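Modelling step: build the complete structure from the supplied sequences, incorporating the hints.
Residue numbering for the sequence shown follows the working numbering, beginning at 485 and increasing consecutively.
Mixed in with the good hints, there may be bad ones.
Only pairs whose alpha carbons sit at most 20 Å apart, straight line, appear in this in silico EDC-like list of lysine to aspartate or glutamate [stated by the list, open to error]:
(1) K893 / D858
(2) K1147 / D1115
(3) K982 / D1020
(4) K978 / D922
(5) K729 / E718
(6) K865 / D922
(7) K729 / E770
(8) K692 / D704
(9) K1101 / D1048
Per label pair, the in silico range of CB-to-CB distance [said to hold, decoys possible]:
(10) L1069 / K692: 36 to 46 Å
(11) V949 / G799: 57 to 67 Å
(12) S803 / K1101: 16 to 26 Å
(13) V1087 / H777: 47 to 57 Å
(14) K940 / R1012: 25 to 35 Å
(15) L1129 / I977: 49 to 59 Å
(16) E914 / D1194: 46 to 56 Å
Read the hints as simulated data drawn from the structure, not as lab findings. Since the model is a prediction, treat every value here as computed from it, not as a measurement. Using N, Cα and C, we set each Cβ at its ideal position, and we do this for glycine too.
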Amino acid sequence: MKWYLLVSWKLGFQGGTQNFAEFTDAQRRWISPSHDLTDDNKRGKPVRGEVPLKLGREDGKQKLLGSASHWGIAGTKRKLLVKSAYRLSLQSFLELSTLIASNVFIGFGKKARDPAWENSICDSTKSSTWAAKFSARISSGFRLEKEPFSLALIELKSLVHKSTHLRDRSLTCFHEVNRGSDLWSLRRNHIRAAISLSDGNPGLKISKGVRTDAENALFDYLYRTRCLSFSDAEHISKNSPVFVKNLIAKVKQGDEVGQAVSKFLLFNPINEFEPFLESLGLNPSELYPLLPHDRLFLSEDDGLIENYHTLCRYGVPRSKIGKMYKEGKEIFKYDSGVLNSKLKCYENLGLSKLTIIKLVTCSPSLLIGDLNEDFVRVLKKLKALGVDLDLIRGCFSDKNVYKWGRILKMLHFLDGMYSNKKHMASLINEHPRFVFHDSGKKIYILVALFLKLGLKIVDVVDLFVKHPQILAGRFVKRLWCSIIFLFDIGMGIKDIRKIVKTHAYVLGSSYCQSPVFVMQKLNLSKYRLRLTIRKDPNQFPHLVSMKNSVSLVLPTVNDTFLRDKIEFLLRLGFVENSDEFYRALKEFRGRGDLLQNRFDFLVNIGLDYHTVVEMIKSTPALVNQSVDAIDKKINYLLNELGYPLEVLAAYPSSLCFSLKRIKLRFSMFHWLKENGIKFSIKNRNTIKPTIAFNTILKCSDAYFFKLFVDRHPDGPEEWDRLKRSIS
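Structure representation (structure tokens):
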């Protein structure tokens, strides 16, 4: 036998103007007043009433859940009894909804005191044994709506969607007792379903072929129907995956998804700003607040399109324009020629185009309003020190916010510290990142830390001159952790000051584990650990991460070749004695002067200095080859195959393969293209449309044979011929 929750009813007349006698017979069936309310209503007194909650069963048996006062209901003048109705019919529900719309509202009043029932309706996690079969919230201006749960109590073929004019927020719930059910799982499924509707149905699995067909249909619509330029339509269709997924979800799944999407687009105009902004690198959660409320088509916003094209022609990557639009919509409202003139102003300051592109994508505020005076002063200050302005290009990140006024103050602060301006210029030239990282905040923290330990300004400047690498990377955070470690093991302030003064770069080279962990692993007391560190501070980074013994010794620099190699690594930005430093020391092979020659060769062919640094850090084997070997590979890829220089920057590992492998695979790849293997979109038997440059070289021979060679009947024969000719 099933139990059902009888919800308490609260009857109220708005303003006390409605008499109980005015209710219809259908409404009275639900209300059995304990005494005549007509006299009170004639005097215009409002009536409020509550009844206890009960559990009812079909055989008439009831369980009392608590009195009205137990449920926090106080100050009631009249009580109204609910007519017992355990299994409601559709007709009864319609009568009930009519009653709700006639100033009768349902609710619990205050929260229940019983912890087993407290908030059981509003918070399903606190009542996991009750499965909600129907839940509808009613408030002023809202509708009575159906939740996506199956209704076991009543079969509702239609719900009454009547607006109510209730002043109080109310809740009506019917619960069925079911000990084995988990309401939280129902709630989780409901939330998942809601997310699927709003975010393009992430549960829908879409094959690459279907996605490609939908992208082509969107391209045809934008290019042929909406008359967007070819490049714009292609970029939007290929770089708005969430929007494309939404389109696919709105059409019937079948073999001809492309035709279905095309038909849908013909009869259902879309908001073109949505895929446009997504193609610029914005997530759906970011772009929805940016969508215009009075326009649907891109052609209606001439200023946006014109300024967008201005940035594209200047060389700004399309994927970075979204951030600029999000942080500076004013940029895209300029009249014709205004944005281009602003970019020219920054060129007149002595900045290259590449540097300006990096600046405006990381700090779009530079293009808003007049020329940023603080930024101009920062450039003048750096010029006066002899700093190469192109060096600052690699110091910016679109994840940071730059405050040019604070950067200017930091440069004046350094100017006051350094009596020799050459030392200051050398510091910024070698490690320019600290100037712009956190808008110069790092230098303030580091100087304050040194001064607090008792070092003088002269000592701090001397540290910066001798070891400028301490300003790079996460040195400040590591140094702070190391000093805390020394304090925790009981080392005195004088000893710490001495070690920081002479071995600051060692303390900041790596993170520290907790003193307790280190002492347990090394089986050392605090005294013994302090003695070891004072005796040889160079052992500190190994002691704090050592596992078995104390006998680790730093590699000594006795020969010129190793010293040149270390200097080369320091110029790349590695912190001496750090874990990354020793790992790189093993990975970079050859003499330091030869490594530097290979580095210079990559810079001289046209690659940016900072780009080459990132290439070498990600692929150390790149500079383990001779200059002649690197030159032959680059000449083949750029001059014979016609690939741009940016491909090498994106895939530096491609230069680590042998020249024979590069020639063999690309010759086969181009032979397939010449012999009818199209990079098409609909036929799954052809190669997929976008073949990554690195995929051709990186995959194994067996996979390359299966993916490429077998696509053509004469492929294996041509493959053997190429192998013989190239070898």
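Out of the numbered hints, which ones does the structure contradict? 4, 11
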